[in-house]
Amino acid sequence: STTPQTQLTNDDIARYSRQLILQDFGVQGQLKLKNSSVLIVGMGGLGCPAAQYLVSAGCGHLGLIDYDDVERSNLHRQILHSEQRCGMSKAESARIALLELNSHCQIRCHSRVINSINAMHIVRPYDVVLDCSDNVATRYLLNDACVMLRKPLVSGSALKMDGQLTVYGYGQGPCYRCIYPVPPPPEAVTNCGDGGVLGAVTGIIGAMQALEAIKVIIGLGDVMSGRLLIFDGSSCMFRNIRIRTKRPNCHVCSAQPLITELIDYEMFCGMHATDKDNPLDLL
Amino acid sequence: STTPQTQLTNDDIARYSRQLILQDFGVQGQLKLKNSSVLIVGMGGLGCPAAQYLVSAGCGHLGLIDYDDVERSNLHRQILHSEQRCGMSKAESARIALLELNSHCQIRCHSRVINSINAMHIVRPYDVVLDCSDNVATRYLLNDACVMLRKPLVSGSALKMDGQLTVYGYGQGPCYRCIYPVPPPPEAVTNCGDGGVLGAVTGIIGAMQALEAIKVIIGLGDVMSGRLLIFDGSSCMFRNIRIRTKRPNCHVCSAQPLITELIDYEMFCGMHATDKDNPLDLL
Amino acid sequence: MDDLKIILEFSAGAELLFGNIKRRQLSLDGNQKWTIANLLKWMHANILTERPELFLQGDTVRPGILVLINDTDWELLGELDYELQANDNVLFISTLHGG
Amino acid sequence: MDDLKIILEFSAGAELLFGNIKRRQLSLDGNQKWTIANLLKWMHANILTERPELFLQGDTVRPGILVLINDTDWELLGELDYELQANDNVLFISTLHGG
Ligand SMILES: [Zn+2]
Ligand SMILES: [Zn+2]
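Chains as they are written, first to last, in my numbering: chain E, 8 to 290; chain Y, 8 to 290; chain B, 729 to 827; chain C, 729 to 827.
Hints are not guaranteed to be accurate.
Said to hold, decoys possible - Beyond 10 Å from chain B on every Cβ pair, some chain E residues (computed):
1) Leu-15
2) Tyr-74
3) Ile-103
4) Glu-194
5) Pro-264
What the hints assert, rightly or not - What follows is a set of in silico ranges between Cβ atoms, one per label pair, in the way DEER data are often shown:
6) Y:Arg-251 <-> C:Ser-755: 42 to 52 Å
7) B:Gly-758 <-> C:Ile-735: 29 to 39 Å
8) C:Ala-814 <-> Y:Arg-249: 17 to 27 Å
9) E:Glu-90 <-> Y:Pro-132: 45 to 55 Å
As the list claims (entries may be wrong) - With a straight-line cut-off of 30 Å between C-alpha atoms, the simulated DSBU-like cross-links for lysine-lysine are:
10) B:Lys-761 <-> Y:Lys-253
11) B:Lys-750 <-> B:Lys-761
12) E:Lys-253 <-> C:Lys-750
What the hints contain is simulated information worked out from the structure, not anything from laboratory work.
All figures in this text were calculated on a predicted structure; none of them were measured in a lab.
Each residue gets a CB set at the ideal place from its N, CA and C atoms; glycine is no exception.
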């Protein structure tokens, strides 16, 4: 909606000189970043480092979604928040930290639950979406909204000492539903509250989400589409595995989709859209 | 030198609950972290995220070394600093940010160059050292000091969209000199100022250095010793390669070392101990 | 006939259902044909130590577990009908949802 | 005799000396024996496009370049004398010093 910037300022050049000189980056890459807008869903263990590296790299517009407030038990991994800001909305707390790092970024906070009613409206203005959420229902919701609005979705997740990363809805690559047409049984889902997670692991995966978003925006390198990166922090081993391309009968991204508007994702998954992931009491 | 803590406070338990519950971590792991002291050499692109995840995880004592002041061109990757703190010592600037995240960490700043004269004195009190430096001479200096003082050295490096990580001097694993007995020719060395580097790449490697340090301190998982992780950010591919064990005739870590005290590392490498890495003018 | 040797691996928590062992070398009876379908039955009978409903649903793996054969999605290779070859690596990954 | 097919890879900047190509499939003359020493000479003569002193020093690679054969340090495998086998993967890595 804003007029695209066509020039870098002297301050931009001083600030970003060390990345401007990268091959395939250059002034054009920096301008693309400056004109880009990225939505980060979840300002927790993944969203904090992802936002940090997008803002420091010069992403012009950032949207931050989190319905939750900062708690002391978040601080071991959610490194944008602070002791002082416990009790504040996570999106607002993150915004304060991010603007200290780069006051040029325009940051919009959405301190509420993203759901079937507001998701299309919230997601529409952004170029790329980062799924840094912590529950199954939100992951399906974001996937479907991003497919309908044709936004690439950079998906990260972490639990205990393990992490996973891929990009959905990019090029001929699959969407989340192509890989997971059916949600997992609620009793098989462990959240970070119950299972625990090491902050450095979320840090690694979150920074990688920023990197993939930058690659998508600038058109740099090989984006992690059609591939899934799995990380085992206990052995420090990564594996890059080949996943399927689009599923021809995918309910949302195929040529004849069955799902053409957002559904009730808590009902579909039988789980709440919070990190509690507790089963719905179905009457 | 301080009395080891033998109990967690209620605040510790509230704050670290999500990592305490990890298998093989527990209260004992948290106490080990609380009683640990880690030295980070270089508060740049690697040192910032490494410090962030060590402090948030509850590392009790941290030493930060950097002779340099914060500049605007650092902010695209050195995410602990801020626009406001440009001109301040990097170690002091980092300390301010880290204490906001966790006021319980005792942080000591060394805002000067580490060299052959002061290195043994500086390194001695710490349990683990993180090499987040940016030049060849400092890498040999830290290696030799850590071998002489028997400290594990968690080594990270990054340039452009590439990163590397390993742990030296741990168990039967090699030291830096075992792998690199001879320094590279100065004309073959590119620094981040000349070659550029993407912040998200230093973020990934720096967070991994924190993870390996935590594993070393707690005795968790398989430490990256005798292995080298190489990361290609442009394709998002990692490779875990098997490197040699200790070199039987290593000049510093073998049973009969030729080097038993620190030498002149700028002379040895023919390069200055700054990120300029320019050749010494040898008269 | 010689045994059919394969590697079985588990990642991201799936190992917790199998005695917390992340990597196993298996020697399967070489006189029979081994599809993934047969392998799943063998795993259920021999090494699945915890709640089987968190791994299997009917004759196949439950939703949310990915199966990779030599680092490639089994959907590209015939799924349950894929016939195991000597030295194949079969990896079961739990999907993570946390952040 | 058949050609000897190997994979050559470059990482962390070493590719810049070889036309900025990170991965090459080579078919070497199958009538001769190929050690790493011979391979380095072949690379110098055929594909080393930029300043050779940044890759070679005397008969071997310069200090600061690691050589991996099938992801294992060449020092564990005989260095220059290692004899290449079909489908070997030879990786040259520049060491990074930045942060
Ligand atoms: Zn789909
Ligand atoms: Zn050594």
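Comparing the hints with the structure gives:
Taking the minimum C-beta to C-beta distance to chain B, about 33 Å, the non-interface status of Leu-15 (chain E) holds against the 10 Å cut. Every C-beta of chain B lies more than 10 Å from that of Tyr-74 (chain E), the closest at about 14 Å, which supports listing it as non-interface. With a closest Cβ-Cβ approach of about 21 Å to chain B, Ile-103 (chain E) is found to remain outside the 10 Å limit, as its non-interface label requires. The Cβ of Glu-194 (chain E) does not lie farther than 10 Å from every Cβ of chain B; its closest approach is about 7 Å, which violates its non-interface assignment.
Annotated as non-interface, Pro-264 (chain E) keeps its C-beta farther than 10 Å from every C-beta of chain B; the closest such distance is 19 Å. Restraint check, Arg-251 (chain Y) to Ser-755 (chain C): a C-beta distance of roughly 30 Å breaks the suggested window 42 to 52 Å. The hinted window of 29 to 39 Å between Gly-758 (chain B) and Ile-735 (chain C) holds, with their beta carbons roughly 32 Å apart. Distance hint check for Ala-814 (chain C) and Arg-249 (chain Y): the Cβ-Cβ separation is about 21 Å, which falls inside the suggested range of 17 to 27 Å.
Against the hinted window of 45 to 55 Å, the Cβ-Cβ separation of Glu-90 (chain E) and Pro-132 (chain Y) comes to about 26 Å, which falls outside the hint. The hinted pair formed by Lys-761 (chain B) and Lys-253 (chain Y) fails the criterion: a straight-line CA distance of about 46 Å is larger than 30 Å. Taking the CA atoms of Lys-750 (chain B) and Lys-761 (chain B), the gap is about 25 Å. The hint holds against a cut of 30 Å. Of the pairs offered as hints, the one joining Lys-253 (chain E) and Lys-750 (chain C) holds, with about 28 Å between alpha carbons and a cut-off of 30 Å not exceeded.
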